[in-house]
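Quick note, in our numbering, the first sequence goes up one by one and the last residue is 1111.
Among these hints, one or two may not hold up.
Calculated cross-link-like contacts (lysine-lysine; reagent style DSSO-like; alpha-carbon spacing at most 30 angstroms) [to be verified]:
no., residue 1, residue 2
1, 923, 949
2, 557, 1012
3, 1063, 592
4, 829, 603
5, 1006, 592
6, 828, 874
7, 547, 1095
8, 872, 799
9, 1095, 671
10, 727, 1012
11, 1012, 1040
12, 1109, 1063
13, 806, 829
14, 1044, 1078
15, 1027, 728
16, 829, 785
17, 681, 645
18, 949, 1012
19, 727, 592
20, 796, 785
21, 1044, 547
22, 949, 934
If you are wondering where the hints come from, they were derived from the structure by calculation, not from laboratory data.
None of the values given here were measured: they were computed from a predicted structure.
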Amino acid sequence: MKMSNLYAPTSKEAPSDAVLASHALLIRGGFIAQVASGLYNLLPLGKMVLNNIETIIKEELGHIGAQEVELSFVTPAELWGESGRIEKFGKELLRFKDRKDNLFVLGPTHEEMMVNLIRNKVTSYKQLPLHLYQIKTKFRDEARPRFGLMRGREFVMQDGYSFHQSYEDLDHEFDAVEASYKKILDRLELSYRVVEADSGAIGGSGSKELMVLADSGEDTLVVCSSCEYGANIEAATRAKSSIDKSQSSIKLQKVHTPNIKTIDELSTYFKTTPGRIVKTVAKKIIFDDNEEIVLFFLRGDDTLQESKALNAVGGLDIVDVDEDELKAKELSVGFMGPMGELKIRMIVDNDLMSETDMICGANEVDYHYKGMDMSIFKTDVYADIIEVKEGDKCPKCGGVLGYKKGIEVGHIFKLGTTYSKALKAEFLNSNGQSEFFIMGTYGMGVSRLIAAIIEQHHDEKGMIWTKQSAPFVVNIMVSNIKNQEQLNFAEQLYKFCQKNGINVLLDDTKERFGYKMKNAELIGFPYTVIIGKELQNGCVQLLRRESLQKTDIKKEEIFDYLLKEI
RNA sequence: CGGGGUGUAGCUCAGUAUGGUUAGAGUACCUGGUUUGGGACCAGGGGGCCGAAGGUUCGAGUCCUUUCACCCCGACCA
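Build out the structure end to end from the sequences listed, making use of the hints.
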């Protein structure tokens, strides 16, 4: 490819609405162009990078026996009715009707379609396991698309679905996909972490996310500094805290605490640590057909993790409660607690189990109890509902936990029979009995990976592509194309690269040296061979994008040098 | 869906508080010339329904009403 033919409109200035480096650089480098909110056109350079990533994914998934298919982007709404997700997905599903007035949905993910593809066709355990995947445009009408390719409404995803006759077999495939996904990220030279994820309302027996580490990431991860443990903050756990519990014989006692409401005020007043105070958090939980106020109890120095809280009660949504609603339940802010005849559902954090000598609200203005014993609760109200803090102890090794930010580029999920049941997809086992398929689902955000790579590989001058993702690995730059000697040598090297399978671009534009250099740095070719004034001394220069170091190389040696280096 | 912000040349933005020549700059683009190792210089040139609709006024980019789009924070996100 010659630069003079390449459609890559670059610009010096960043678009005013780009916040993330990846977003700004992709636009400045002429990789993408925005169409509307969350919709982007991929230009030649962007498409090349996407192709490169897809090639790696296909190679790696091929190694574990997954087969590529391509399902229709337009999907019949009936299927979404069968699984019940037409309601659950809500407005995120883009619906429309065809000329015959049939309702359709643009596919946001393809569980239903994939189950439909194999049901009544895969009918025997002898045909299992089966892993089918596709790399395909998805559409989700997100409430708030943002950050360029990071969170678009239309995006490219690799989505795989596996079918099994046993959970052991699913576990096997799950591990194989994890290994395969890690290989893909390794080849893209990304630094990442595999973390435990919230399985959410769908349930299932396990779910992991692959997180590319970047400060700009939208997810908060809890990671251990001394072992491999990592989890999304929505799913992270910790070792039980070791609060000193020396005294246990103190009797329950009501204490006048005039206008003392906050955990800080209470710990000062009682001369104790926040960890010995029971914090009461009231939330409204939305269910399918009703809503309910629930009290959550946790240590004063902990905070409620809303996803965990929601999972603990099995609701759809968790929202704040206003003071009037609390008063209607005879609760008052600052003095709420578990004591008394409250007809309210209560959930207690695991960490409080079997504690004694705690302080809690008395459900009476200006009063608290001390000497409270947690044994008043039955064990079935306990759940893990706290948000792990930095500095907490690792549940695996006891090491120190800290936060990191991550970009979710992959999610693997043991689905079980959720969809096969809903869509009545069965096979006959070796005893001739009918069983639902046990499924796994695996997704990787291909277009998001473009952004993720840049978030991890860029500097103030531009993008820094890795060899496997770069649109072109070598850029041959002719300093002055009016110089016939330079041009001739460049053409010679260009042809040599092409013949030897090196992905090469020849910058034969009429621009001046400075312009070409800035452009090469912006686009981020891993290597640029500068053919310029040093040629008269028999030398060319090799610029490495990552270090920005220029090395003089004898012109007759550059050929072998490139072959060796790339 | 709540809160905030912005729409003027391809791009980045002035101009709008206080209405008044033909709406500006930088950059990009075209032509000619000079330059040629870090986004060059000189001269000339093209490019605007001032987001859209309605209104007030002798007169609207500027004031009023409605509306649309885009961005940010939050909620949401298999």
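Checklist entry - Among the hints numbered above, which are violated by the structure, and what are their numbers in rising order? => result Going through the list in order, the structure violates hints 1, 4, 9 and 15 and respects the others.
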